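Spelled out, the chains give:
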Amino acid sequence: MTEELVSDHAFHVWLTIMVGGIGVWLVWWEVRNLLRLRGKSTADAGVRDQYFGYISGLVIAAIAIVGTLKYNHAF
Amino acid sequence: MSAAATADGTVVPPPRVVPKINPANAVTASRFLTLPPFVWAVHTGQHQWATLFILICGVLDKLDGLAAKIFDCRSQFGELFDAITDGICYGFALIIIAAYGWAPIIPCVVLVVLGGLNTAFRAVYIKRAGRSINYKSYAMERVVGYVAYMIGFATANMEVQFFYWVFVPVMVVVCAHDAKRMLLDPIPEGTK
Chain D
156 MTEELVSDHA
166 FHVWLTIMVG
176 GIGVWLVWWE
186 VRNLLRLRGK
196 STADAGVRDQ
206 YFGYISGLVI
216 AAIAIVGTLK
226 YNHAF
Chain E
45 MSAAATADGT
55 VVPPPRVVPK
65 INPANAVTAS
75 RFLTLPPFVW
85 AVHTGQHQWA
95 TLFILICGVL
105 DKLDGLAAKI
115 FDCRSQFGEL
125 FDAITDGICY
135 GFALIIIAAY
145 GWAPIIPCVV
155 LVVLGGLNTA
165 FRAVYIKRAG
175 RSINYKSYAM
185 ERVVGYVAYM
195 IGFATANMEV
205 QFFYWVFVPV
215 MVVVCAHDAK
225 RMLLDPIPEG
235 TK
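These protein sequence lines are chains D and E, in that order.
In terms of our numbering, the first sequence opens at residue 156 and continues consecutively.
In terms of our numbering, the second sequence opens at residue 45 and continues consecutively.
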């Protein structure tokens, strides 16, 4: 077990799909979560924590997408 | 433990006791088994194998929840054990990749220190609550997920500098938010 598992190109494609795909999925997931919070009062600490968590998720998703674009020399 | 009767005669069943050694906790504990081969892969410079082992560690993290559901063995201890295992596995992996120069040292040190502080604050939160309880943080759940990916970015050599440095301010903000909630804010009703 001293060789790599797949070719560099296949590994590059897999990483792009894995990281970029999860980034895009996470945007959809967090937007859906945020929409579900509509109408709930932010006076509740639990709701505030949810808002904070979902927005953190969106930031992380943005990092994943930008990083994947950078990895593929988009800029 | 037998059932207890209340003043109005209602029989209250005893709380269900989940043994600490159960299938879900076994899956959680098995994550530690991925660390020796991970170290071996990093030591021998095999990026894809190292990525595979950290990926297995991450998949097992998802499977323990599934095992708890299937075998009906969810417990407060299990949640806490899962959170601690996350910290140990990912913290250890971060130290290894930083030590071998696969990731920038300063962000790794910041992450490990903040992760350690967060674990210490969890202990304080448990003390404040008066029983074994896992502090629930939506933001930290996402951060831990990302940290697992960060180890993968380093082992796969994927935009390592970008992914590590950009994440530091996010981690600082989330840790500060959670520290305030665990140390200062009142503990929500029903968890005390």
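Honestly, the hints are just simulated from the structure, not real lab data.
A hint or two may mislead.
What the hints assert, rightly or not - DSSO-like, lysine-lysine: derived pairs with alpha carbons at most 27 angstroms apart:
(1) D:Lys-195 x E:Lys-180
(2) D:Lys-195 x E:Lys-171
(3) E:Lys-180 x E:Lys-113
Just so you know, these numbers come straight off a predicted model, no measurement behind them.
Results for each hint:
As the CA atoms of Lys-195 (chain D) and Lys-180 (chain E) are separated by approximately 19 angstroms, the hinted pair is consistent with the 27 angstroms bound. Taking the CA atoms of Lys-195 (chain D) and Lys-171 (chain E), the gap is near 31 angstroms; set against the 27 angstroms cutoff, the hint is violated. Between the alpha carbons of Lys-180 (chain E) and Lys-113 (chain E) the distance comes to roughly 19 angstroms, so the proposed pair stays at or under 27 angstroms and holds.
Going through the hint list in order, the structure does not satisfy hint 2, though it satisfies all others.
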